[in-house]
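Engineer: The residues making up each chain are set out below.
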Amino acid sequence: MTKRVVTGNYAAAWAAMVSKVQVVAAYPITPQTFIVEHISEFVNDGMMDAQFIEVESEHTAMSATVSASAAGARAFTATSSQGLALMHEILFTASGLRVPPVMAVVNRTLSAPLNIWCEHSDIMASRDSGWLIMFCENNQEVHDMVIQGFKIAEDKRVQLPFAVNLDAFILSHSVEPVDLAEKGPVEEYLGNYIPKSSVLDPKNPMAIGHAAPPDYMSETRWQLHDALEKSREVVLEVNKSFAEKFGRDYKGLIEEYRTEDADVVLMTVGTVTGTAREVVDSYREQGKKVGLIKLRYLRPYPKEELRKAVSKVKAFGVYDRAVAFGISGPQFIEARNALYGLNTPLVNFIAGLGGRDVTTGDVGKMFDALLDVAKTGKAKKEVVWIGTRGVSEW
Amino acid sequence: MAAQALASAAFEEGGYAVAFPFFGSERRGAPVLAFTRIDKKPIRIKTQVYEPDFIVILDEGLIDSIDVAAGLKKGGMAIVNTTRKPEEIDFGVDLRVATVDATGVALEVLKRPVTNSAILGAVAKATGIVSMKGIEKGIINIFGGRLGEKVGLINAKAAQAAYDKTIIGESKSSGKAKKKGTAKWLPTAQEMLPGAAIGIQDTPAGKIGMGSMSENKTGSWKVFQPKYDKETCTMCLTCWWACPEGCIYRTKDKLEFDMSYCKGCGICANECPVDAIEMARGDGQ
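Chains as they are written, first to last, in this note's numbering: chain A, 1143 to 1536; chain B, 3 to 287.
This is chain B alone, in the form it adopts within the complex (with noise of 0.2 Å):
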């Protein structure tokens, strides 16, 4: 709805803008690309875009996972949602940043942490393509459109909130920058089995071949984790039953938490009988 809402503000400022998602088949919270093309003529190309000349990350834990500024055209720009401020950001190359804290201004103008209208206030500020005006008028379309006037008017404040907040800088590589998750693995069509099954095989991408787990780290799509006080913990193993990712295990007098899968849902913390465990806003890797 971002990606609409942006070429909504475009196309109101006179101009020609395409978007559109890609997206798999998961929830909420997973991962997913969407794409806005600007042009002052009809814009005829269908493909997906590889030479961007903006790109904007709405959760700053890809960064580490994946190459986000892949393909990033030279003197392009990257927004990101994030607390920190443009230097503190390592892509491994140096570009130009503009970040906003946008899940801060979600929560504190929505009650809740969607991030994607809040994001586009600092697009308008960073990019200069479109105005805070035209923004406005942008997710009244696209978000009020959809959602009803009062969410449109909402989350074009969230907008406004992000647009006041949004710190425009430059990011320098360090050469240090984490290493990002193997390349997903794809194979042949000699290499697959027959239908795409998915058996018990040895492949780059472990035991289990394509669309691996260990691949698709779902720990990314969390806003909150869990805080765990192992002082407080009876090790009664409540939260083990009731973890619905299978996130928790158990060691010798503490549990540990695997957070890579684990998708923030608060359903241990919930359960816990003795609060040792409560749910806070994590670095978002």
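Pulled out of the complex, with its shape left as it was, chain A reads as follows (with noise of 0.2 Å):
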């Protein structure tokens, strides 16, 4: 194991080469290009044995890996926004077919108006392509989970795609000490990819992707669903087992953070989660009892999880880094869904689009409009719009 300074695009790209990849195809947008732009030069150095095949577009790229993944090869590919966007048909396609890649998705905001900067907007608008979504607090885990993506994804119970979330800048952009594990470890962990089933073998021949009438589909539905649900038992036995060879434990679907005797909670997602940490340390310090769930896996959905955890607390905050047009935020409705039939007040707290600095100030808003539902034990306001001029907030 080496450790380094590097950026979380650095961290993807070599977590690619060490999972011993063998097609990675992709068309560069910022700001993901520099993940294949490492790729393709960890390629052309001999430190790795892949056919790099450059595209035309994004819907190519995922096309190239969803074909090389049939095909029985161990393929990854990375994508950013409006790339994500163009995938998005072929999304629906890799998990159909039951084909397991890994994608690093560098979280920016759709367009219109342009901007380039971190919102979820992206994967958000992913939400029911079928494949497992999981999102990083920091660039240690962006390469950790591309190596645990492959475990995962390639278990006989999953076959489906897995995408590793990390946030546009804040982590693809930002350097900082990674462990960066050799390939020996990460062979002896993963193993050679070997198709479970969805496979192009002329030795073996299949047709996939074949039309499927009415008189299939819903069984077809109902396989993925249930991969998707069975997921669960798999990332956490691979949490474990992880933990076990590299000595990183993640915790599983949600990680509590000082949630023990807490009255109010929130739920973050990708870095502010770390912003979040230390606004948990300082409101302790001054006697206040708040925690933090870091909301991990947005596929499988940590439902058993949350009601667990939420059951206990006076407040619920949930943040979102997207919205959902005319509702709330997206993370908003899934914690809700989740969380149906609990008394808990909960509220939403949107903030960080378009790569708005997220800072403890404003983390420190949303834990006292919590501690202000929890002391009258009603929520004034269901979703609250951190920090944009103009708009009310608490």
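To be clear, the hints were calculated from the coordinates, so they are not data collected in a lab. All values derive from a computational prediction rather than experimental measurement. Every residue, glycine too, gets a C-beta built ideally from N, C-alpha and C. Please note that a few of the clues may not be correct.
To be verified - Covered, in the sense of this in silico footprint (three residues per stretch, anywhere, with C-beta under 8 Å from a C-beta of chain B), are these stretches of chain A:
# : stretch
1 : 1163-1169
2 : 1317-1329
3 : 1492-1503
Fit chain to chain and form the complex, with the hints in mind.
Structural biologist: Next up, the structure:
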């Protein structure tokens, strides 16, 4: 293991290399560009024995990735915002064909107006594509989750594509120390990709991606849904085996931080989590009983974990870095659905859109609002926009 | 890359460090922000830095256009790329200041006005948080890692040269520092046209509203500026046609250059048939 100061983009590229990825098909898009640039350098320098396919669009990048995966190769790609939107059609093909590539998604804003900075509007619009979707807090997690991604995605019980999300610029272009795994231990851990069912093998011919009339579709959809539900146990198993092998434990679908005896809990996603940890610590020093849940997986959704954690608190907040226009933030829709029937008051906080910095003060406002709810027992507002000029907050 | 190299230097010396940039969609030369946090323990916070211990200013022209010392902690220090001495700079507040002519060093060592490696030598000397040896390693890691070993080594050399030339002192506020440029117009949701459309409207940023060039003086991007010799000029207007920024104006008997938007590209000097324009290092303002 070598520890170096690297960007999130480099960490993702390195992890793809040590995971012995065999095919990378990509089209460069800011700020993902560096991931595929690093990979092309690894291939060029002989550090990575992979086929690097330059394609003419993200639509083709995903098509080639799915095809490589269907041909039995371990495949990787990376994208961002408009690129992910252009892939949208093929995202469903990937999960529908039950192939397990891993993709790094550098989360940034979907236009218009044109904005290259961090937002989750891209991945949240891909929510129902049948992929496993998880968010990272730091560059180490990006590196580790690309490796875990292959382990989980390729499991016989899963056989689904895996998206590792990293916040644009805040991780993609930030350097921090990362333990970069060596090829040996990762090879031992992952082994080679052996397709479990869908594979185009001349020795064992099969047709995939053919027409399936109404007689067959419902069952196919149920299979996919069932596999995503069952991927929960695989996520937990892999989290455990990875911790044993590499010494880093991410706790599973969610991570709770100082939630024991907490009156109010805020659920964060992505890099805001790191900032919120600082705020929790300083509020705790002031005797305020606040806690934090880091949502790691959007799919599979940690329904039971959340219900258990939230049933103990007086107010629960959900942070969103995107908007489900006309209702709330998309994470809030998810959380409220999972928490249906519990009496805990819920508040949605929207902040950090289009790359606006989410400061400790912003997170403080979220906790202050939740503490207010805990005192009165009632949320006076359901959706709160933080730091939006001309829009009242709490 | 300078912020990254500084982080790498701190890491090489046993600390934890995080560095990240914030930039717009402009090209090379446009003002950018970059932040580095250095600590003895792992760094979890992911926000920009609002209360720095040190500010590093690569373009001294910015001192007059924005309040660069805003948020600087008490006892904090400014490190400036300038040909001036610390006591000759007016921040509008009293400050500890280190100065170095990083542009001069870069032109000498790298043969181009890329100052971000050289300035790190001044950072090492002024802050004492990282050693010059650490900076060397950081530059070789980041610049060398990205652009090749040779580039790493020569940039480390530039940093060493800047280290040797750095002057540490203090600057006092004269009480008459230049007025900072107009604050950026940040409209409310109600004040903006739907979809952030830019129309013709009366706003504090002028007729054009958000992103107005009246707030974005691209003249600060330049290192070289045109020096115009009225006597040699034949008023042929070749330069006027050639200027990509439309910065050259014709008056009755001479040309005028709008330095607020001149990026110092030198096309005018190159095109002038009678050599009435030459490019020279300006004062960065």
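Engineer: Decide, hint by hint, whether the structure agrees.
Structural biologist: How the hints compare with the structure:
Interface restraint, the stretch 1163-1169 of chain A with chain B: violated (0 residues with C-beta to C-beta distance below 8 Å; minimum three). For the stretch 1317-1329 of chain A, the stated coverage by chain B is satisfied: 3 residues place a CB nearer than 8 Å to a CB of that chain, which reaches the threshold of 3. By the rule of at least three residues with a Cβ nearer than 8 Å to a Cβ of chain B, the coverage given for the stretch 1492-1503 of chain A holds, with 4 such residues.
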